[in-house]
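K.L.:
Start from the sequences and build out the full structure, keeping to the hints where you can.
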Amino acid sequence: MAGPGEPRVDLADLIDRLVAESGGAVTALRRFPARPAETVPIPDTIDPNLADALRARGVEALYTHQARTLDLLGKGGHCVVVTPTASGKTLCYNLPVLQALLSESATRALYLFPTKALAQDQLAELEELARALPALRIHTYDGDTPQDARRAVRARANVVLTNPDMLHSGVLPHHTKWLGLFQNLRYVVIDELHTYRGVFGSHLANVLRRLQRICRHYGASPQFICTSATIANPQELAERLIGAPVGLVTENGAPAGEKVVVFYNPPVVNAELGIRRPYLKEASRLATPFLRARVPTIVFTGSRLAEEVVLTDLKAAVERAPAFTNVIRGYRGGYLPNRRREVERGLRAGDVLGVVSTNALELGIDIGRLDVALLAGYPGTVASTWQQAGRAGRRSGLSAAVLVASSAPLDQFIVTHPDYFFGSPPEHGLINPDNPYVLASHLKCAAFELPFAEDEPFGAEDVGRYLRLLEEEGVLHRTGGRYHWTSETYPADHLSLRSVASDNFVVIDSTHQTLEPVESVRRLTRKREVIAEVDWRSAFAMVHPKAIYLIEGQQFEVQELRFREDEEKVAYVKRVQVDYFTDAVTAKGVWALDRFQAGPTGSGTAGRIEQGELLVAEQVVGFKKIKFDTMENVGAGEVDLPQQEMQTSGLWLTLRPEVLAGISPDRDALVDGLRGLTYLLHHLAPLFLMCDVRDLGSWLGDAPPPDPDREAPRGPRVLTTERTRARLLAAERFEPTAYLYDSQPGGVGLTERLFELIGPLLTRARETIRTCSCRSGCPSCVGPVNEVGRRAKPMAATLLDHLIG
Amino acid sequence: MIPSSFSDPRPVPAGTLDRELELARLRARLQRLAARHAAERPPPADPLPLESVPTPHGSALRRVETVRVPAAIAAAAPASPGTVFLDTETTGLSGGTGTYVFLVGLATWTAPRTITVTQYFLGDLGAEAAFLHAVREAVAEARALVTFNGRTFDLPLLETRYLLSRAGWWGEDLPHQDLYPVARALWRGRAADCRLSTLEGALLGIDRGDDLPGALVPQVYFRYLRTGDTRPLPRIFRHNRWDLVALAGLHARAAALLDGPDPRHDPVEWMGAGRWLERRAPDRSARFYEAALRAGLPDGLEPGVAWRLGWLWRRAGRIGDARTLWAETVARAARPPLRLLIDLAKLHEHHARDYGAALDLTRAALGIAEAWDLAERGLVEALERRSRRLTQRLARAMAPAAAPAPPG
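Line by line, the protein sequences give chains H and C. The working numbering numbers the first residue of the first sequence as 1 and each following residue consecutively. The working numbering numbers the first residue of the second sequence as 1 and each following residue consecutively.
Hints may contain errors.
[Unchecked claim] According to the in silico footprint, chain H covers these stretches of chain C (three or more CB under 8 Å from chain H):
| id | stretch |
| --- | --- |
| 1 | 50-58 |
| 2 | 86-94 |
| 3 | 220-229 |
Think of the hints as simulated: they come from the structure by calculation, not from any bench. Quick caveat, the model's predicted, so the values are computed rather than measured. Every residue gets a Cβ at the ideal spot worked out from N, C-alpha and C, and that includes glycine.
P.N.:
Shown next as structure tokens:
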């Protein structure tokens, strides 16, 4: 790390050089001036021991946002604090919580973090602060908590750090074991509020309704303290999550040094084909001079594979010098917790100079302060981009964020339209806690937790009819004015808050494996070396047979993937040394299984909308071998893996072939227009559903058979995007169909509702195209022009005219 | 997240939504997902064979029954009068606050062949306070509680019910013995598994005949709640009563067994008694092992018991006896266990200084370990080290005209 004596001007020079040598690749450079600290003295009301503990950690005064939070809480309300990374936001909640604990030792607080890793991180921070204070019992409670420790945590912990999933399935259904917590619950902290949006957020809102219900039972009414990254509607999101008015704290009193944000578009190397230099190579090339100058740097990548590729490159470029041995580390979700903790500690201590990470480090894990954030690829949203850029920045002195665009259309659009990015407010976080499916599932859990009184409120909705419905189903039984749970099942087990399946694959290094022992003596079992975990959804793409699996630059070749239902999910890998990595080729397909509703899309007969059950299948069909140094494609292979199928609900739009033919004889142009239209509807629909873009999926494919109920499934065959297009263009009957579907397996009713709203949705889509100021397509209308083509925008507008009629 | 460009400035049209329609769809979906309950007929008005017990929270339901048990079950020395056997029937196995205890069966020995069974029944989920109160009253006089797997199942569930009703939990004040771990130690070798229903057949000769399977109990109860149909309820009472009789019978048999060794019991049970007592009462444990070895055990069990007994003797200072026992066992056994070879080798080396015998055993152990191809290199390496050391010691001891062997 740069010592205190070294002038920061180094970084300014490095940035100047980057710009000067870029040969026009830098498309934007914005400077954000330094901002002084705004502080107030530590109030007298703060417990003297706590004030001393703060001073011992160098906190002589409070930032204004911290003081304002204290004020709001003092008045008895809930609050949400919006501050950028590393602005002392954790003190916003730790301060009132510790203060309450010191004044009344029976007090309890519950902290919710979106991930276990964040809870671990905050545990360390809180323990540090509480060390000088009278004995406080602070514990995490999650899937990693040993069984024998759980009882003690339940009975005694003053502060419990957990996650929504554990609260939902492990705490609330066993609330009698948490008597002490619920009777004395004073504060509930919800960190990283912006992550709770869409269907996940709708679930959390219901979990919080259940939490508040249990609290009422025990006579507690806790105050909520939320923190959020910068999004467009933090207060609204918090109020919808908590179901009560929430005070908003937005002023940021933390000081910040000057910051430079640079957009970098890798130069074109083949003008004819429009091929640019590989952005991952460019990212590591650009990061190298910073690291050589010992400037602490973080590189964010969009995927795990990209993370490993950049890491391998960067280690090769920087760690050759003896003084730089092992100063660059990787960081991502699949790493085992120990390895992650080691990297976090190394960063804080300064032993680690550079880290290459997926968005896992975007959340508030404490890794100390870094000077440069290099974003390899656009993170996808304005809010995420600022979050990642915010990882670089000190209280004083210069810091820099560099966005290196990939050749993906969205990246190219952003990097070539910097004003679009710098002028855009961050995104909205939307939720719909009264989604009938979500609500009904949580009502079951709530009735399991405590019998439900007939007139009991649960959010704003009148839930009486849901309760009657559940009684008809037999899971509830009404007696004495209350609904009791009457099923053998444990409803929380059948309801996952997140759409990702929890069935992870473990990656086992079998390089030194020998035969299994025939018989064991005093438990002489072979220790298997688990080196990583991969979640179910990405497993086939990451650890298919013959894949090169990378972990901190070390290469492993997958020997065998065990994925059958009755087997433990394992990828066996062996250490290898090759000069390439693999990139999976995925194919996809969408089929209608059942049709529930159908109708015209507008006043005419040109378009038809149908709603029903869909089968969405994806399959990893092969892989490409890509050479490390040159990013050349040096080979390919096929793999034989099953399709990953999901049954869900969806809707689809079709224009009659005659209508399409009347619009244009050019099928290519029509497909472009339909792709643009699909993109637009996919991105607009969440607004009508109060969900997130990722809660929906979309696909442009064949029209479903006239009668899916009767027709036997035609051996669903998945195709890559290009093959699908080719197939559409060559089809005898040209009837491309735009599908929108629920990303959650089984569906949570999003498209059923959208079916009702199709009129307003199409009208709004047409207006969006009309009023969008872009020339021929941008992420705010039909998608980036370089993805959907120049013809997409006008064509989509024409198609909409016909659909609306 | 939703780009702001999409979301501003016009509000999303509302009011086009038909809540009722949505609900109807939800209903249809739930019906598709969940198995339908068959159409249920109105209840026949059979009165329950239960008496009403007044409590401050309303009346609770109870039935009392005296059971004359077969001789095989009878307790020679009935458990002390304050000992109450407890078994519950519940609406599920998952635990949590949504699992109800709807039947609490309590039993006591009232004569050597007589058990009195008292069952409290939750006839209405809204009447839990009275039910729990009555159960508390019933155990007020108890001095000890015996259950089968109650430590992890019945008692935590009851505790949850009491806490949920804000009635104090009484379980903490009452000594509790869970027979399940005892049964596992005693009878693991005697029955296919250690479930109550398996053990009662194997050890007490109980045949319940047409008993209601435990897995069906919740459904029968739910059906009663929904329809008021009381007809199948007696089958639940009978099922619970059998559980209590089996529990009391096994408890009596365990007590008698641990009181031995008594020739009425099987040497395999003595082996089990030895295991249960190994840490709790080593002297008595050794007596059981000795008796089992004397009486003879089925093939394969003997070397293990000898190994355990040898250790008890070693700890009691009878090292010579242990060595003799192990040596005889090794000589007799067709395939002596590895641990016995290793431990006997250690005794030979460190206590008897018989390096030759120790080396032979170590080599035999090494042969077994290597043949198994154990990935645990540590064990093989340790055996190899021992083997080398013994060879050196042997060489030194055999060296002519040497000074007295250095202390090992």
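K.L.:
Now look at each hint and say whether the structure bears it out.
P.N.:
Hints, one by one, checked against the model:
Residues of the stretch 50-58 of chain C lying with their CB closer than 8 Å to a CB of chain H number 0, which falls below the three-residue condition for coverage. Counting residues of the stretch 86-94 of chain C whose CB falls under 8 Å from any CB of chain H gives 4; the rule of at least 3 is met. Counting residues of the stretch 220-229 of chain C whose C-beta sits closer than 8 Å to any C-beta of chain H gives 3, which meets the bar of three, so the coverage hint holds.
Consistency with the previously given hints fails for number 1 only.
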